[in-house]
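Asks: Sequence:
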Amino acid sequence: MLRRFAAVIVSLLLAAADLSAQDHHEHHGHRMSSDVSGMTMNENTDRLPSECAEISGHVNLTVHAGRRHAEGRPGAMFGFSDHVFEAGPCSLVTVTLVNDDEIRHQWMIHGLPRYLYPGGMFHLETAGGTRRSGSFIVPGDARTYLVHCDMPQHMEKGMKAQLLVGGGSGDLWAVPGTSDAFRREDYLGTGDAWAALGIFIATFLAGLILLRRA
Numbered sequence: 025m026l027r028r029f030a031a032v033i034v035s036l037l038l039a040a041a042d043l044s045a046q047d048h049h050e051h052h053g054h055r056m057s058s059d060v061s062g063m064t065m066n067e068n069t070d071r072l073p074s075e076c077a078e079i080s081g082h083v084n085l086t087v088h089a090g091r092r093h094a095e096g097r098p099g100a101m102f103g104f105s106d107h108v109f110e111a112g113p114c115s116l117v118t119v120t121l122v123n124d125d126e127i128r129h130q131w132m133i134h135g136l137p138r139y140l141y142p143g144g145m146f147h148l149e150t151a152g153g154t155r156r157s158g159s160f161i162v163p164g165d166a167r168t169y170l171v172h173c174d175m176p177q178h179m180e181k182g183m184k185a186q187l188l189v190g191g192g193s194g195d196l197w198a199v200p201g202t203s204d205a206f207r208r209e210d211y212l213g214t215g216d217a218w219a220a221l222g223i224f225i226a227t228f229l230a231g232l233i234l235l236r237r238a
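Residue 25 is where the sequence shown starts when you use this note's numbering, and the numbers rise one by one after that.
A hint or two may mislead.
What the hints assert, rightly or not - Label-pair distances were calculated between CB atoms; the ranges are: (1) 194 with 144: 11 to 21 Å; (2) 236 with 204: 44 to 54 Å; (3) 105 with 191: 17 to 27 Å; (4) 120 with 177: 21 to 31 Å; (5) 101 with 60: 22 to 32 Å; (6) 201 with 176: 16 to 26 Å; (7) 77 with 126: 37 to 47 Å; (8) 112 with 134: 14 to 24 Å.
If you are wondering where the hints come from, they were derived from the structure by calculation, not from laboratory data.
Ideal placement from N, C-alpha and C gives every residue a C-beta, glycine not left out.
Sequences are here, hints too, so could you generate the full structure?
Replies: What follows is the structure, encoded as C-alpha cells:
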C-alpha cells in the first residue's frame, strides 16, 4: 500500500513539474518590445481571431495611472483614470498608458485567445512619468475581460478595471466605482456550502476505503 501511495505522490510531483515547465516555456513565448520607457507584450494589429472576418472598427483608449486617481476611494492607493472600457466585437483596440507617478505601472488584460496572445494576455508597462501605446484585436463574442496592474499589490490597492466587448458578460467583482468587493457568502450560499462539505466528506471516505483495499 505504501508503495502505491508513494507512486501516486511521485506521479503528482512529475505532473506539477511538467506544468511548471509548460508555463515557463509559455512565458518565453511572449512577443515583447521594450526600451527605457517600458515594455509592450503581445501586440497584435493584423492577426484576426478565428470568429472575425475583418476588423470591425478602431477604439482608442488613453488611460492615466497613478496615486491621484485613487483619491476619494477609502483603502485605495493607486488607480486608473477610468475603470470601465468598451469595445465592439472584432475591434482593434489601441491603448495609451500615461504614468502619472514616479514608479512603474501596467495595463494588463487577461482572457484573450491563447492562439493569438501567449498566456492569453496583452500588456503595457510604463516607467514613472512616461507613456506607452500598444494595440490588440478583441474576439467577436460578448465578454468581460479583466484589466489590472500586475505590479505587486497594485491591483489590491485599486488598479483593477474591466473591458466590455460587445456589451460584456457582466461586471467583474471589486471594480472601483462599478461593483462591490467579492464576498464568499454571496458566491456560496449556506445550502451550497453544506452540499460541498458533504461531497468532500464522501470523497474522503471513499479514498480511505480504496486505500484499505489496496
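Asks: Please check whether residue 236 and residue 204 have a Cβ separation lying inside 44 to 54 Å.
Replies: Between residue 236 and residue 204, where Cβ atoms are some 47 Å apart, the hint holds.
Asks: Tell me if the beta carbons of residue 112 and residue 134 are separated by a distance inside 14 to 24 Å.
Replies: 20 Å, holds
Asks: Can you tell me whether the CB distance of residue 120 to residue 177 sits inside 21 to 31 Å?
Replies: Holds, since residue 120 and residue 177 (Cβ atoms, about 24 Å apart) stay within the stated range.
Asks: State, for the Cβ atoms of residue 201 and residue 176, whether the hinted interval 16 to 26 Å holds or is violated.
Replies: 23 Å, holds
Asks: Does the Cβ distance between residue 105 and residue 191 fall inside 17 to 27 Å?
Replies: 22 Å, holds
Asks: If I claimed the Cβ atoms of residue 194 and residue 144 lie 11 to 21 Å apart, would that claim hold in this structure?
Replies: Taking Cβ atoms as reference, residue 194 and residue 144 lie about 19 Å apart, which means the hint holds.
Asks: Return holds or violated for the Cβ distance of residue 101 and residue 60 against the range 22 to 32 Å.
Replies: 26 Å, holds
Asks: Okay, residue 77 versus residue 126 on CB: inside 37 to 47 Å?
Replies: 45 Å, holds
Consistency with the previously given hints is maintained throughout, with no hint failing.
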